[in-house]
Amino acid sequence: MDVNKFALDWIESWNSHNLENILNHYTDDIEIITPMIKMALGSGNGNLKGKTAVSEYWKKALDKLPDLHFELYEITAGVGCISLFYQSVMNKKAIETMFYNDEGKIYKMIACYTD
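Taking my numbering, the leading residue of the sequence shown gets 7, the next gets one more, and so forth.
Derived from the structure by calculation, the hints contain no laboratory data.
Incorrect hints may appear among the rest.
No more than 25 Å apart at the CA atoms, straight line, and that leaves these computed lysine to aspartate or glutamate pairs for DMTMM-like [to be verified]:
| hint | residue 1 | residue 2 |
| --- | --- | --- |
| 1 | Lys70 | Glu26 |
| 2 | Lys70 | Glu102 |
| 3 | Lys55 | Glu37 |
| 4 | Lys114 | Asp34 |
| 5 | Lys98 | Asp73 |
| 6 | Lys98 | Asp121 |
| 7 | Lys98 | Glu77 |
| 8 | Lys98 | Glu18 |
| 9 | Lys44 | Glu102 |
| 10 | Lys114 | Glu18 |
Derived DEER-like restraints, expressed as beta-carbon distance ranges [said to hold, decoys possible]:
| hint | residue 1 | residue 2 | range |
| --- | --- | --- | --- |
| 11 | Asp121 | Met7 | 30 to 36 Å |
| 12 | His23 | Cys118 | 20 to 26 Å |
| 13 | Lys57 | Asp108 | 14 to 20 Å |
| 14 | Gly48 | Glu80 | 27 to 33 Å |
| 15 | Glu77 | Gly110 | 21 to 27 Å |
| 16 | Gly50 | Leu14 | 26 to 32 Å |
| 17 | Gly110 | Lys70 | 28 to 34 Å |
| 18 | Met7 | Gly50 | 28 to 34 Å |
| 19 | Met7 | Gly48 | 32 to 38 Å |
Note that the structure is a prediction, hence the values are computed from the model and not measured.
Note that the Cβ used here is the ideal one computed from N, Cα and C, for glycine as well.
Make a model of the complete structure from these sequences and hints.
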């Protein structure tokens, strides 16, 4: 996987607010772990699994945050994973670690944010 290309495309997809483009980065059985789930859905334990559930969450989040714009600061890579450090929503900085398969699709994502 070309992590630089992936990171730039991922940021561009989010900044476009095009849910289909965003979802193209993920497997059907994607698992996401993020405290933002509670903010967008008003409930939950911070964990969602499956592209349908994740898609519904992200649609609600994009609707609630129409001015969403990410700014990429750093890209780091490990074995089968990439971590992005970026300016996120609500003036928070985020580090998002994504684990990818042989096809370069993300199957698990863990996000952490500054307060």
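**Q.** Hint numbers not upheld by this structure, sorted from lowest to highest
**A.** Of the numbered hints given earlier, the structure breaks none, since each of them holds.
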